[in-house]
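Residue numbers (my numbering), protein chains in the order written: chain A, 353 to 674; chain B, 114 to 435; chain C, 2 to 357; chain D, 11 to 517.
In case anyone wonders, no lab produced these hints; they're calculated from the structure.
Quick caveat, the model's predicted, so the values are computed rather than measured.
Taking lysine-lysine pairs in the DSBU-like style, the calculated list, with each CA pair at most 35 angstroms apart, reads: (1) K335/C with K207/B; (2) K322/C with K207/B; (3) K143/C with K322/C.
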Amino acid sequence: MKRFSWDEMMNRYPAFFAIILLVVALTINFILQPNMFARDTLNSNMRVFLPIILLSVGQAIVILGGGIDISVGGIVSIVNTILATQVGLNGSPEKMWTFVFVSIGAGILAGAINGFFIAFLRLQPIITTYATSFLYVGFALFILPNPGGGIPAEIANVYRNTTPLGLPLAFYVIGVVLLVWMYIRSTRYGNYLYAVGGNAEAAYETAVPVTWVLFSTYVASGFMSALAGIAITMLSGSGNAEIGVPMTLTSITAVVIGGTALSGGVGGVAGPVVGAITLGIIQNIISFSRIDTWWETFVKASIIVVALAAPGIINLLRRKKV
Amino acid sequence: MRKFSISPPVAAILLAIVLFLLSGFLPNGYGSDINVAIAQATNIVRLAVFLGVIAAGQTLVIISGFEGIDLSAGSVVTLTAILTYVTVKGEDDKVLLALLISLVVGALIGFVNGLGITFLKISPFVMTLGMSGVVTGLIIIINHGNVSGKVAPIMTRLIARPLSPDIPIPNAIIIWIIFGFLMWLLLERSTFGKHLFAIGVNRVTAKLSGVNVTATNLAVYTLAGALAGFGGFLVVGNTGVVFIALGQPFLFPSIAAVAVGGTLLSGGKGSYWGTMAGAIVLTLITSLLTTMQMPDSVRRMVLGATLLVMISIYGRQRGFRQ
Amino acid sequence: GTPATPTTAVQPTQPPQTGQQPTQPPVESKGPPFTIGISNPFISSEYRTQMIAELIEVNKEYMAKGLTTELVIESADTDVAGQIQQLQNLMAKGVDAILVNPSDVNGLNATLQEAVNKGIIVISVDQELNVPGVYNVGIDQKEWAKTSAKWLAEKLGGKGNIVLIEGFPGHPANVARMEGVDEVLAQYPDIKVLAKDTGKWDEATGQQVMSNFLAAYPNLDGYWTQDGMAIGALQAVIAANPAKFPALVGEGRCQFLKLWEQVLKDRPDFETIAVANPPGVSPTGLRIAVNMLLGKQVDKSKLGGANGLSFVIPVPIIITKDNLQQGLDICKDKPDAYLLDGIMTDQEVLDAFFLK
Amino acid sequence: MSGVSLSARNIVKRYGGVVALSDGNLDVHSGEVVALIGANGSGKSTMSKVINGVVVLDGGQLLLDGKPVRFSSPQAARKMGIATVFQELSLVSKMTVADNIWLTREPLKPNGMVDRKAMREKTEALLDLFSGTFKADLKPDTLVSALHPDEKQIVEILKAVSLNPRILILDEATASLDSRQVERLFELVKRWKEEGKAIVFVSHRMEEIFRIADRYSVLRNGKTVGEGHIKDITEKELIQLMTEKEKVFQFKKASVEEESSGLQQPVYLEIENLTTETLRGIDITVKQGELLGIGGLQGQGQRDLLLALFGDIPYQGTVRIKGEVVKFKHPRQAMKKKLALVPGDRAKEGLLYIRSILENFLLPSWQKYGFPLKMKHARRDALAVSERLSLVMSGLMAPVSSLSGGNAQKVVIGKWLLRDPDCYLLDDPTKGVDVHTKAEFYTLLTELSQQGKSILFYSSDDDELVGLCDRVIVLHDGKICAELKGASLTKENLIAASMGVSNGGEA
Ligand SMILES: Nc1ncnc2c1ncn2[C@@H]1O[C@H](COP(=O)(O)OP(=O)(O)OP(=O)(O)O)[C@@H](O)[C@H]1O
Ligand SMILES: Nc1ncnc2c1ncn2[C@@H]1O[C@H](COP(=O)(O)OP(=O)(O)OP(=O)(O)O)[C@@H](O)[C@H]1O
Ligand SMILES: [Mg+2]
Ligand SMILES: [Mg+2]
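In isolation and in its complexed conformation, chain A is listed as follows:
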């Protein structure tokens, strides 16, 4: 039975490696921080991780389709500045709702712009979204040149402190996202996505609407970025046009750690979710391990590099054996 190989395992359960990594990270974190599973600690961690989790989901969809989206952080910034300026610290919940929808519309529009250039004009994804990231962050700065504004504290507190059945709100959001993904994954569109990411040429010959599928991945990413933007605005309660910028590269790292190859067509969305959580946990481990302050950045980055390299190392060792 040579068929049930490691490759097949990784292909069928792309999150496999990520989950091992997460379990290891959780165990270490638990040893260092015994109260980490307590309701408050769990909630406070998960609400911080949620924005990047949502962002990684969108990034994963683009990457599955064979692309990459450097502009997600810019879209987060746009959403954040829209909410912070239009809702305001004293806004009403109705206003919040209105602008949540406006933000989602903005996210989708931004994604559609990316999709247009990449799918229809056939420009390279990496440099195109790099260019649009300037447009988007610039636009966010245009909306809100100076940090400030925000959303009402009560609304932010709903996000921060809602723990139905004692579980963090983030769990429910992740649950919904994963359910929706599982649904999408099992529709035709889900298959199209993997086909386009795996072999666009073959997909084209099989009459898959390749261009539209590509386009849709960027729209999906724009949509998820908008959700991430809403989440981070709820978390911080304030507006800052640069808020999304550092999140882009983190989302890509989360996707790769989550077992979704940058070459496309392999992986899923659960992996990146796990990857994003793992990245957050690694930060916690560093924090609780009492490593010398000056070494923290180095240690953290090294752990991430090793995590990124691990599948490659395993492959290399397996090759050697064969």
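Using the hints provided, position chains B, C and D with the ligands relative to the given structure of chain A.
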């Protein structure tokens, strides 16, 4: 019937000239004063030098294909700048040693990038991104004691000052021209350069024509690291001081300069002259927008739009239907 | 349960009682040693590294006396979400006080509020926050800027063309400083601001921006800038080497003072001003925290700010041509990146801010 | 099912400088199998892609049931009931067999989700068509990447069949199938024919064509040169149609004296028991100046033999060059020992398409030109080679992509001429090359062998082998099944040997 076509570096230079001429008409432009115009032009080119040198390594890895990119360049610049600073300690005769250290340290980091990319098959994007974090960690470890050092007078003399009081051409520009010539030698007049283009176009053809693909790929990342190291040495010679955030602002412009200069982002085609032109265009646009008193938001949007236009002109990929 | 004490009535020295859940930090009045946490979201700056190093140094004093344990430092380049995580980790570690250098004006409000509610003493250092129950320790940024702006205006004899290089637009400290500059310049109608640009608080950008300005305005009379960008700007002036140097504002970093000394060799009439922006406000904040934890009563009348919770630390030193040598002496055994500093002693802190 | 008919008239299709079809014609009707025949590169696959809407045509017309149609995409063609088994397969390797087969047509549950169970069942029903001819672990849920080539081919066939098309194109669908699988396919084809499907059958195997086809259409160099009923033509005539050269080149067999003098040449290359994944123990001895042909059906290990000798793929066995044992681990080492390889797929393996002709010529030779590269010398040498090959180009700096197929192939050979190797390994170098250029190649090869160069020459063109070579070995299933030389070296023997009928002169 031949289609009218123009090579990207020439297009970039023309764009730069047109932009510069237009800038004269701006309220804060040089107006009709030819001396001011020359001073301004010289200054812009001088400023472009540092970006241009840092983008040299980027040019090489992008030419090498397979989604080659070096996201660690920014942090390598900072690291080697700091190493130069502490090594030289204001003494002229330590300058060569510092240069050597910069090159070797940069090369080492690049070599590790290369190992991960060629042997562990980690995507260049992710590998160099991870490495950037590791190098930043190293910088903090080195820097926390508040580095103590000084650049040597000879460095300032050779990098930051004009050739002589009578010839107001900054030495940096002369260094750049020599550097550009060496890069040209490397790319167009050396076996390595020819092999580099070959692996960027088609690695199978390259291998079957006797090119050692693995070694070339490893060498190009090593060299890119060394060039970023050289960039750090130059930058500190210009600023005269070091600080932790010295190199990072150069990173994304270095990729943009390569793209604007017409190097094919999918690899196999490009030139360093193009990158030089790209660096000038980017510096010029930035400086123009500054002179125009544009807010940061507009600046970024204009930069993004420029990039988008440039890649729309010569960054298209082949469609599925032939 | 969650503490219900209204934050406005919090007596920091008598934290409210809370339940004994293992997940909650022990918040009932306890004796030393106290644990103090530091949250710093930005390490890519010398100001911050000096700040962290000094905090560790000053804390050693208290550790020796058995008053504090080792500092719990959360310090990394991170975003708002990351700093929120830092603060949450500090709370989870059960610290008694938090010194936070905030990355965002409002972004941390809810989290800091939570800490205050847990009975933790929260002090925002270097940058002022407007959160009930959160203390601020820092210099008066506006006054700080006014000092050098006034100097510049007078040096120019009240008229001339100048440019401004600011830090991050919208950053609270920058906003306060630019307000100060505007206020001063409003009194000198003959001083014309030709242009203003951001140097992003870093040397290289400052140098670039200044080079641009010098090319565009060869006959500049003066410029005002702040912090790290000043070295870059001066380097740009030296590189351009104009016949007459513009009157310029410098900064309190040893590197700058040394450059100043060097310029004087060629141009003995060169003048500038360096107003220290001390990282030492953070260790001073640490001293305030320790004394509060020890139950010493703050003299509310000495505090300022919107909520009456701001400890205003005086600028420790201003260098002009008259006392340049003093500055250079301080710098003798210091690294170039060292910022002229001042950390108040324990006694000074007690005298200045606490009830006898 | 109502009847259907499709005709392609005067189709023209160019890829850049390469003319793939210059005058392609094809007619196919319900209930018949039309064999589309032609040498390699004659345009068969291109014709298929024209019919199924994958490429844009540059000229000509498609008529479906007598009405002109234009397919703007594969979807459009598919809607009209056209399905294709692609020669290069249209499978996504990281997806399962079922996912691949039903891609775009997955059975859905009422809630819009793919009905995996139904899909599995439908896949199993399809797999039943080939039941017993593949291993039991080929299941609907197996990943395509885990399949063997024949299994992949079956999946590709089933994928097309599952469309229940009116017109089915089988582009070399039998190339990687074994005899049992081919049998099964033919049974199915017969059934489909009865159901009224129209089938286009592309194959290089004559025996298959005569068994299954009703009519034939022959392409030669992008042009349809013959059409008719299979029963009206013999195998020999068909081959003649396919291969008939406009008599530009007369193969001149080496005279008897030359041949005997050739025998006295020292041995250059000795291969003993060479084994790779596809080769199962090959023994060959090649003399200096010998032009050794390698024949056989496509994919019998010819390519592996050449690549192994050139150090590109690992092998077991012993190789001696002039008596010295060598084991190359990289083409570079083979090059140093004065070997040269002209790979089979010039676009993917032989050329740097976007780079200049000059750089393509010099790629293996740059080291010779020192540092900085003496470009004047390089240009002079490249120019000399291009003149020797009478390369038609606009200049040395023009990109290779601007060249026609034959001229591009000249560049692939030219880059080795520059190194003056002792031994050439040629992997079907005249594929898709026009007659004139072929003639030039033949002259060149003859010249080279007269200069004492050893040449291992794999060709899918039997005329070339028979006409040019001193000796031909025929590979079948990774083994040498025949060696033909002298009088036994005839086309009839060669074809017979290729088909695995080893009554060829085992001289
Ligand atoms: N960095 C890479 N990323 C993806 N594919 C690569 C990379 N490097 C090489 N390859 C693939 O490997 C093949 C040739 O490279 P290979 O490493 O085998 O050659 P080589 O380095 O010349 O050999 P050797 O290691 O024996 O010297 C090509 O098919 C190419 O697709
Ligand atoms: N995408 C392409 N780009 C450039 N040239 C092409 C392309 N596809 C085919 N060609 C060229 O067009 C010609 C016809 O190719 P085609 O694949 O139709 O031949 P074929 O008869 O199917 O050959 P084979 O028997 O080898 O499958 C060849 O010269 C080939 O090199
Ligand atoms: Mg190799
Ligand atoms: Mg074909």
